[in-house]
Amino acid sequence: MSILIFADQHQGKVAKSSLEAVSYGAALAAQMGTQAIALVAGTLNGDGGLGAVGASKVMHMSDVNTSDSQQLTRAILSAVEASSAQVVVFSHDITGKMVAPRVAARLDAGLIPGATDLPNAAFVVKKNVFSGKAIADIQLLTEKKVITVSPNSFGIKMTEGTAPVESFSADTGKAGIVVKEFKSEAKDGEIPLPEADLVVSAGRGMKGPEHWGPIEELAKILGAATACSRPVSDIGWRPHHEHVGQTGITIRPNLYIAVGISGAIQHLAGVNGSKTIVVINKDPEAPFFKAADYGIVGDAFEVLPKIIEAAKVHMAAK
Amino acid sequence: MKILVCISKAPDTTSKIAFSDGNTKFDENGVTFIVNPYDEWYALVRALEIKESMGGNVTILSVGGADYEPIIRKALAIGADDAVRIDAPEGDSLFIAKQIAAYAKDKQFDLILCGKETINYNGSVVPGMVAELLDVPYVALATKLDVAGQTATIEREVPGGHEILEVQVPVVLSAAKGMAEQRIPNMRGIMAARTKPLEVIAGVNASNSTQVVGYSLPPAKSGCKYIDAEQAGDLIRLLSEEAKAI
Ligand SMILES: Cc1cc2nc3c(=O)[nH]c(=O)nc-3n(C[C@H](O)[C@H](O)[C@H](O)COP(=O)(O)OP(=O)(O)OC[C@H]3O[C@@H](n4cnc5c(N)ncnc54)[C@H](O)[C@@H]3O)c2cc1C
Ligand SMILES: Nc1ncnc2c1ncn2[C@@H]1O[C@H](COP(=O)(O)O)[C@@H](O)[C@H]1O
Numbered sequence: 001m002s003i004l005i006f007a008d009q010h011q012g013k014v015a016k017s018s019l020e021a022v023s024y025g026a027a028l029a030a031q032m033g034t035q036a037i038a039l040v041a042g043t044l045n046g047d048g049g050l051g052a053v054g055a056s057k058v059m060h061m062s063d064v065n066t067s068d069s070q071q072l073t074r075a076i077l078s079a080v081e082a083s084s085a086q087v088v089v090f091s092h093d094i095t096g097k098m099v100a101p102r103v104a105a106r107l108d109a110g111l112i113p114g115a116t117d118l119p120n121a122a123f124v125v126k127k128n129v130f131s132g133k134a135i136a137d138i139q140l141l142t143e144k145k146v147i148t149v150s151p152n153s154f155g156i157k158m159t160e161g162t163a164p165v166e167s168f169s170a171d172t173g174k175a176g177i178v179v180k181e182f183k184s185e186a187k188d189g190e191i192p193l194p195e196a197d198l199v200v201s202a203g204r205g206m207k208g209p210e211h212w213g214p215i216e217e218l219a220k221i222l223g224a225a226t227a228c229s230r231p232v233s234d235i236g237w238r239p240h241h242e243h244v245g246q247t248g249i250t251i252r253p254n255l256y257i258a259v260g261i262s263g264a265i266q267h268l269a270g271v272n273g274s275k276t277i278v279v280i281n282k283d284p285e286a287p288f289f290k291a292a293d294y295g296i297v298g299d300a301f302e303v304l305p306k307i308i309e310a311a312k313v314h315m316a317a318k
Numbered sequence: 319m320k321i322l323v324c325i326s327k328a329p330d331t332t333s334k335i336a337f338s339d340g341n342t343k344f345d346e347n348g349v350t351f352i353v354n355p356y357d358e359w360y361a362l363v364r365a366l367e368i369k370e371s372m373g374g375n376v377t378i379l380s381v382g383g384a385d386y387e388p389i390i391r392k393a394l395a396i397g398a399d400d401a402v403r404i405d406a407p408e409g410d411s412l413f414i415a416k417q418i419a420a421y422a423k424d425k426q427f428d429l430i431l432c433g434k435e436t437i438n439y440n441g442s443v444v445p446g447m448v449a450e451l452l453d454v455p456y457v458a459l460a461t462k463l464d465v466a467g468q469t470a471t472i473e474r475e476v477p478g479g480h481e482i483l484e485v486q487v488p489v490v491l492s493a494a495k496g497m498a499e500q501r502i503p504n505m506r507g508i509m510a511a512r513t514k515p516l517e518v519i520a521g522v523n524a525s526n527s528t529q530v531v532g533y534s535l536p537p538a539k540s541g542c543k544y545i546d547a548e549q550a551g552d553l554i555r556l557l558s559e560e561a562k563a564i
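Residue numbers (my numbering), protein chains in the order written: chain A, 1 to 318; chain B, 319 to 564.
Hint data in this document are derived by calculation from the structure and do not stem from the laboratory.
From a predicted model like this one, the values you see are computed outputs, not experimental measurements.
Glycine included, every Cβ here is placed at the ideal spot set by N, Cα and C.
A few of these clues could be false.
Not the full set, but computed from the structure, chain A residues with beta-carbon under 8 Å of chain B [said to hold, decoys possible]: (1) G110; (2) F130; (3) D137; (4) L141; (5) S184; (6) N254; (7) T276; (8) D293; (9) I296; (10) K306; (11) H314.
Let's have the full structure, built from the sequences with the hints guiding it.
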């Protein structure tokens, strides 16, 4: 028996959300008295830092088209067999969403998508539902089980050491999907929004794209990612991948600073899992204040420079 | 193109979320149901656009009880040709996927389009399971879809950029924002929808692999601490010393 965790990598670097999934798998393995085995497809440097987050072994497959959900599924299924895994863990990121359902369907296993906590003894797992407006306790009833871990919910737990790497190969069959092109959009040093610990976000209250300077500056000083409300990306003031909310992406950073966003329920759905929420709005009646930990009622254009100054001083002293 | 669009029923995005039966059931009292937004705005509309440019047929499929019929009629009013309801009790993702796959198995659909996720369960699970059960390719969270001949070109956002993929139909995909723009049904569509075929079929036998034990609401925030706008810089101190967020 074992717990098998699929760890996604981009250009040889294991994704932060996957390190978290491995920590989750390691804690689950400890709970069940078994070992946590990480599985990596593609480029791997050393043990990918997976030993230090709790993996006792790393299985490595080098030749897999990780964009092809069928091939990746076949590879994972043979690793499940080789490791006699009882539970298969993924991050609830784009790769997890693509392959975890396939793996579960093939194993005829129950799947909990986006778990926020470890299972209890009866294998009841917590998951956010209704776009963060409620929590469900869901029991896995099948012998084999699949869990995807909601990013930034469990945290990365550092331990000691490195894990032995074992190379592994599997017959992944014919590719059904061909990657024609990859258009890079990441600016140097930019933090991907779904993984960000700190997020500075702004809405229609900023009045126009030319006023985003202070938002970007504050984000840069704090080392935060930037986000926006839906109308802002709809009218093209900001790129689509910054759109958070019910119809955009869901994030759970440690800190979410919302500037000039009213706090409509569909916006909150994407951010209400954030640990600390700061709201800056000139309207004291803005609904967002009800969801906030800290609030500043004032004009963003007067308030932001003061915050930026204080942030500069703080970061310099750190 | 023969296209299947799987639609699910979801509470209106402004609904009050409450539970009944000892917190084991969603309280539907006073709740308006809509077509799950991803299924309607993106999957269905893109299916119609493809049909309009290449010809073909768009079928709506829902797994659920008679309470699904209003939302199925809405999808027909927007422009789908016909619909099928698999009359099955509420089940979990694998149960639903097995119903969809059993129906689609011998129907030769070129495209099976789903939404990115349901806004009540937030699974992102059903379409991937359907693809595996049918043994066809699956692309999750597609933001663009074009079809030429038998080749589908699909774009999706991945960490750090955009990926452009090519795949031969049949393919299953889940639609995210970007794929199409919402369409509002007009009077003619609404009238036509009343007489479009809506077939009700029995489901296949399948058991549930998961079970909801109970629901709860997230702990309420303890309240907002206000900082005077003149002293806005104080926020940074509080975030560092009190919230330990920076
Ligand atoms: C089905 C559905 C799905 C949706 N999905 C999403 C989603 O995923 N994400 C999303 O964000 N929205 C979504 N929406 C839209 C949502 O309902 C709101 O319309 C939207 O979030 C409002 O964006 P906003 O707060 O930026 O703009 P507004 O509502 O226009 O608010 C602007 C705010 O800025 C404040 N302001 C103005 N000037 C200043 C100033 N100088 N300084 C400080 N504050 C100022 C105002 O007081 C106001 O509160 C969805 C809607 C529907 C119906
Ligand atoms: N009961 C259902 N009937 C038809 N399609 C469904 C049903 N439930 C989910 N789907 C489809 O699967 C997608 C993802 O659902 P989920 O895995 O629940 O997040 C939805 O956007 C729908 O397209």
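Hint by hint, here is what the structure shows:
1. G110: With a minimum Cβ separation of about 3 Å from chain B (threshold 8 Å), the hint on G110(A) holds.
2. F130: 5 Å, holds
3. D137: Holds, about 4 Å.
4. L141: Given a least distance of 6 Å, the restraint on L141(A) holds.
5. S184: Hint on S184(A): holds, closest Cβ of chain B at ~4 Å, below 8 Å.
6. N254: 5 Å, holds
7. T276: Result: holds, 5 Å to nearest chain B Cβ.
8. D293: Holds. Min distance 7 Å.
9. I296: 5 Å, holds
10. K306: 4 Å, holds
11. H314: It holds, given that the least Cβ distance between H314(A) and chain B is near 5 Å, below 8 Å.
Figure legend: structure checked against the earlier numbered hints; every hint is met.
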